[in-house]
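Engineer: With chain Y held as given, fit chain G with the ligands onto it using these hints.
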Amino acid sequence: MTATEEIQSAADQRISDEVLMSVRNIRLSFGGVKALRDVSFDIAKGEIRAIIGPNGAGKTSMLNVINGVYHPQEGTIFYKGKTGLMKPHEAATKGISRTFQNLALFRGMTTLDNIMTGRNMKIKRNFLWQALRWGPAQREESENREAVERVIGFLEIESIRKTPVGRLPYGLQKRVELGRALAAEPELLLLDEPMSGMNVEEKEDMCRFILDVNDEFGTTICLIEHDMSVVMDISDRVVVLDYGSKIADDTPNEVRANQAVIDAYLGVSH
Amino acid sequence: MFVLEVFISGLLSGVMYSLVALGFVLIFKASGVFNFAQGAMVLLAALTFVRFIEMGIPLWLAAIMTFGVMIVLAIFIERFLLRPLVNQPLITLFMLTIGLNYFLEGLAQAVWDAEVHGLDIGIEDVPWVGLEQATGLLISMFDVISALIAMGLVIILSIVFNKTKVGRALRAVSNDHQAAMSVGIPLNRIWVIVWAMSGLVALVAGALWGTRLGVQFSLSIVALKALPVLILGGFNSIMGAIVAGLIIGASEKLGEVFLGPYVGGGIESFFPYVLAMMVLFWRPQGLFGDVIIERV
Ligand SMILES: Nc1ncnc2c1ncn2[C@@H]1O[C@H](COP(=O)(O)OP(=O)(O)O)[C@@H](O)[C@H]1O
Ligand SMILES: [Mg+2]
Numbered sequence: 015m016t017a018t019e020e021i022q023s024a025a026d027q028r029i030s031d032e033v034l035m036s037v038r039n040i041r042l043s044f045g046g047v048k049a050l051r052d053v054s055f056d057i058a059k060g061e062i063r064a065i066i067g068p069n070g071a072g073k074t075s076m077l078n079v080i081n082g083v084y085h086p087q088e089g090t091i092f093y094k095g096k097t098g099l100m101k102p103h104e105a106a107t108k109g110i111s112r113t114f115q116n117l118a119l120f121r122g123m124t125t126l127d128n129i130m131t132g133r134n135m136k137i138k139r140n141f142l143w144q145a146l147r148w149g150p151a152q153r154e155e156s157e158n159r160e161a162v163e164r165v166i167g168f169l170e171i172e173s174i175r176k177t178p179v180g181r182l183p184y185g186l187q188k189r190v191e192l193g194r195a196l197a198a199e200p201e202l203l204l205l206d207e208p209m210s211g212m213n214v215e216e217k218e219d220m221c222r223f224i225l226d227v228n229d230e231f232g233t234t235i236c237l238i239e240h241d242m243s244v245v246m247d248i249s250d251r252v253v254v255l256d257y258g259s260k261i262a263d264d265t266p267n268e269v270r271a272n273q274a275v276i277d278a279y280l281g282v283s284h
Numbered sequence: 025m026f027v028l029e030v031f032i033s034g035l036l037s038g039v040m041y042s043l044v045a046l047g048f049v050l051i052f053k054a055s056g057v058f059n060f061a062q063g064a065m066v067l068l069a070a071l072t073f074v075r076f077i078e079m080g081i082p083l084w085l086a087a088i089m090t091f092g093v094m095i096v097l098a099i100f101i102e103r104f105l106l107r108p109l110v111n112q113p114l115i116t117l118f119m120l121t122i123g124l125n126y127f128l129e130g131l132a133q134a135v136w137d138a139e140v141h142g143l144d145i146g147i148e149d150v151p152w153v154g155l156e157q158a159t160g161l162l163i164s165m166f167d168v169i170s171a172l173i174a175m176g177l178v179i180i181l182s183i184v185f186n187k188t189k190v191g192r193a194l195r196a197v198s199n200d201h202q203a204a205m206s207v208g209i210p211l212n213r214i215w216v217i218v219w220a221m222s223g224l225v226a227l228v229a230g231a232l233w234g235t236r237l238g239v240q241f242s243l244s245i246v247a248l249k250a251l252p253v254l255i256l257g258g259f260n261s262i263m264g265a266i267v268a269g270l271i272i273g274a275s276e277k278l279g280e281v282f283l284g285p286y287v288g289g290g291i292e293s294f295f296p297y298v299l300a301m302m303v304l305f306w307r308p309q310g311l312f313g314d315v316i317i318e319r320v
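Those protein sequence lines, which keep their order, are chains Y and G. Under the working numbering, residues 15 to 284 are what the first sequence spells out, in order. Under the working numbering, residues 25 to 320 are what the second sequence spells out, in order.
Same shape as in the complex, but just chain Y (with noise of 0.2 Å):
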């Protein structure tokens, strides 16, 4: 078997047939922008799947439709093979997290507090058992932060655990919001442009965890990237978006070699 093959063959035992997520004819507009044009992909079970385009292109509506931030016009979205709009509030209940393009931190609290947020739907138990640390109320206040301690390790953040997040550096802040999406243990982790904004090191990081989290986890992820380069090397399968429309859905390497994508980046007139 030569590497390829072998990467080849890795992916396929991950990834299954099973669609976790299907898009259907998603059309989205603000007043007269489109933003989305008709868009339709799936998402696997256990695959990384990434989201490129230029800017502007309408990932982020994408990302933003699929967790109910946006209602669309037109279109339907199956999860788990149910359809039905979805509310944020609502997604994550059904395992959907997230992070932002502009880091959505909490943040006068703490990595440890953001971290622990993240683990929301976990705590069952009524606030009043809580305020009176009645026993079962204590134990799964224990488990949760296990749990919270488990994602500060994986993601190598130990040290700035008390640090309120609004201090940390860009980097790191990023980190944080990844640690909080985890902590809610999603089936699908939607990530907005992880990497934009860091240093080559960083991006290195970052990259590692992602391919963790579902290696580890069997986390499925959809990633948004604007920048090709970075997200060909980890993702299985990708969705091109240029003016809010699907001009490519492939391999990283059949979409490196697509003229259309080549064009849409380079700024070819349409």
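Hints in this document: simulated from the structure, not taken from any laboratory. Just so you know, even glycine gets a beta-carbon here, dropped at the ideal spot from N, CA and C. There could be a bad hint or two in this list.
Here are the computed distance ranges between Cβ atoms for each label pair [as the list claims (entries may be wrong)]:
#1 Y:Glu88 - G:Ile179: 48 to 54 Å
#2 Y:Glu104 - G:Leu237: 44 to 50 Å
#3 G:Arg107 - Y:Ser243: 40 to 46 Å
#4 G:Ile88 - Y:Asp241: 57 to 63 Å
#5 G:Arg107 - Y:Arg41: 21 to 27 Å
Structural biologist: Using the frame of chain Y, we list chain G with the ligands on its own:
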């Protein structure tokens, strides 16, 4: 001895300021807006409470029923005012609370009436005899008990907001709406909870002040006493509201006694603002408020 008396009674009335300020802080933390209608909520709660009592309903039941009314109000405010205006600029929301203020004032007086109602919650406004005999200090029993009630509520609220899931959710919401929703926090439910809580605060404040002053229209202005407390303590700090309430309560009484004679009295009405202004120059975010770092 006299100074100590003034100081203590100042602290006791300060607890009430803390309580009312907390009502503002809760809503400010959850939705980033200064709730101009807080005073009208105090009026509505007090008026509802006193009219239930006048119907012959026992005190405890009347309190529960009034809290029920405040919860219903919270649900209505969320459903018909906050939800449609989500993502609008904060100034729009602020204008909305001004409208809400007049609406509630009108509603309270239309459903009930605009008379002055005496309210008796069973605590007499007499000196605390035991304390007077033991120490010679002349402190009103009513001040002590109402301060204890207010303190109890303040403690319960701080526990809820520091130690529970709801509290963590509220802190998350106050930091970032998008992020809060993305971790599964239903913004709408948090808003209802927060408005209901500040309705409870309004009820307790309204009942205690109403006993003192009679339940009447001016109760809605009393809530503005909380404004200097908020400036001093910081709009988004629960701890700040508590400490600043005490500082203002004590210092306005002491100011009245020591500086009052030189300026012809009446210091109480503006002294808190002067104090708050001075703090603004030194710490624009208030004593305990979060530091606001503008990104440019
Ligand atoms: N909330 C919004 N209101 C109005 N226009 C928007 C909004 N969000 C996105 N857009 C517009 O939709 C288009 C796609 O934006 P976006 O999804 O952010 O692109 P990308 O993430 O690929 O850079 C852009 O033209 C953008 O200006
Ligand atoms: Mg984007």
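Engineer: Now, for every hint given, state plainly whether the structure supports it.
Structural biologist: We went through each hint and held it up to the structure:
1. Y:Glu88 - G:Ile179: 48 to 54 Å: 53 Å, holds
2. Y:Glu104 - G:Leu237: 44 to 50 Å: Given a distance of about 47 Å, which is inside 44 to 50 Å, the answer is holds.
3. G:Arg107 - Y:Ser243: 40 to 46 Å: Once the Cβ atoms are compared, 43 Å apart, the range 40 to 46 Å for Ser243 of chain Y and Arg107 of chain G holds.
4. G:Ile88 - Y:Asp241: 57 to 63 Å: Holds - the Cβ-Cβ distance for Ile88 of chain G and Asp241 of chain Y, about 60 Å, lies within 57 to 63 Å.
5. G:Arg107 - Y:Arg41: 21 to 27 Å: Check passed, 25 Å falls within 21 to 27 Å.
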